[in-house]
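Peer 1: Construct the complete structure from the given sequences, taking the supplied hints into account.
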Amino acid sequence: MIQKSDLFYQIPTHKLTFNNFSHYRCIADILNLVVSAGLNFLEDSIKRLRKLIKTIRKLSKILEDFQQLATLDNKSFLVPILDCKTRWNSIYQMIKRACLLYKSINMLLVKHSSLKTYIPNKEDWQIYKDLVILLEQFNEATIELSSQTYSTIAHAQIILLALRNNLKSDRGEDFLLEEVVNTILSKYIEYFNLITEFLHISAFLDPRYKKLLSKKVSSFYQKLKHTSQQAQIMNDKAHKYWLFAEADKTIKLLDW
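So the sequence shown is numbered by numbering that gives the first Met the number 0: it starts at 0 and just counts up by one.
These are computed hints drawn from the structure, not numbers from a lab. Yeah, the Cβ is synthetic: ideal placement off N, Cα and C, and Gly gets one too. Incorrect hints may appear among the rest.
[As the list claims (entries may be wrong)] Computed spacing ranges between beta-carbons, pair by pair:
#, residue 1, residue 2, range
1, Asp205, Ser59, 47 to 55 Å
2, Asn73, Asn192, 50 to 58 Å
3, Val109, Thr151, 14 to 22 Å
4, Gln66, Asp205, 47 to 55 Å
5, Asn192, Ala27, 12 to 20 Å
6, Tyr101, Thr151, 34 to 42 Å
[Claimed, not checked] In silico BS3-like cross-links for lysine-lysine, where the CA-CA straight-line distance does not exceed 30 Å:
#, residue 1, residue 2
7, Lys110, Lys95
8, Lys74, Lys60
9, Lys110, Lys128
10, Lys128, Lys46
11, Lys186, Lys115
12, Lys167, Lys60
13, Lys167, Lys128
14, Lys84, Lys167
15, Lys57, Lys128
16, Lys121, Lys110
17, Lys167, Lys115
18, Lys74, Lys167
19, Lys128, Lys74
20, Lys121, Lys95
Peer 2: Structure (structure tokens):
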């Protein structure tokens, strides 16, 4: 009896051409690599916050005082989150929680002066606030992709295009992370260009993609910051594209 595995070795070697095979990364993996590239510019600031959180979490007395401050303020006690270095979204969660606890952390300095050694400076805290806003979109994108029972390429295409448009938007003169955004965008385009044609063709053949676009692009796109003015433009382009009479090779990839 011939096994299936044996049939593979019976195929002539000259017929095994792998030029037509392509490797495409997981979308979530691409987002991880893209964000990590930007976070490398903020390594020192992130390290300072990480040391502070470590110190707070390992001393039970400080945690007890933290809890008392929350009780006095009639708020739920939020434990500072320590990140995992290999997961960018855990860094986002650590920074977001630290920003929420900013006032309480400063109040602890009155009783625990030893924490002053680990307290980030004012510029660091502004960086953290801007970083939370920047990374929020990537966190929502990851949740959006992960929450679907059967995630489709068409839906991923919408999310990736929305993220790119958001990265290209103007954030004002007071934004401190312009270099970080440019790095993330550069790395994003590098990976996106490798898969854009594959994504576009797959999405084009998915009839649900049209339905998704007809709902003002997507609910996710509407959530993103700095995109309200671009939403209608993007939506109009989408409709013009899908109303095109003949879908053949002469149609160029839609560049939103």
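Peer 1: It remains to establish, for every hint, whether it holds in the given structure.
Peer 2: Right, here's what the structure says about each hint:
| no. | hint | in the structure |
| --- | --- | --- |
| 1 | Asp205 - Ser59: 47 to 55 Å | holds (54 Å) |
| 2 | Asn73 - Asn192: 50 to 58 Å | holds (52 Å) |
| 3 | Val109 - Thr151: 14 to 22 Å | violated (54 Å) |
| 4 | Gln66 - Asp205: 47 to 55 Å | holds (50 Å) |
| 5 | Asn192 - Ala27: 12 to 20 Å | holds (19 Å) |
| 6 | Tyr101 - Thr151: 34 to 42 Å | holds (40 Å) |
| 7 | Lys110 - Lys95 | holds (24 Å) |
| 8 | Lys74 - Lys60 | holds (19 Å) |
| 9 | Lys110 - Lys128 | holds (26 Å) |
| 10 | Lys128 - Lys46 | holds (16 Å) |
| 11 | Lys186 - Lys115 | violated (37 Å) |
| 12 | Lys167 - Lys60 | violated (46 Å) |
| 13 | Lys167 - Lys128 | holds (19 Å) |
| 14 | Lys84 - Lys167 | holds (27 Å) |
| 15 | Lys57 - Lys128 | holds (25 Å) |
| 16 | Lys121 - Lys110 | holds (20 Å) |
| 17 | Lys167 - Lys115 | violated (38 Å) |
| 18 | Lys74 - Lys167 | violated (38 Å) |
| 19 | Lys128 - Lys74 | holds (21 Å) |
| 20 | Lys121 - Lys95 | holds (16 Å) |
The structure fails hints 3, 11, 12, 17 and 18 (numbered hints given earlier, in ascending order).
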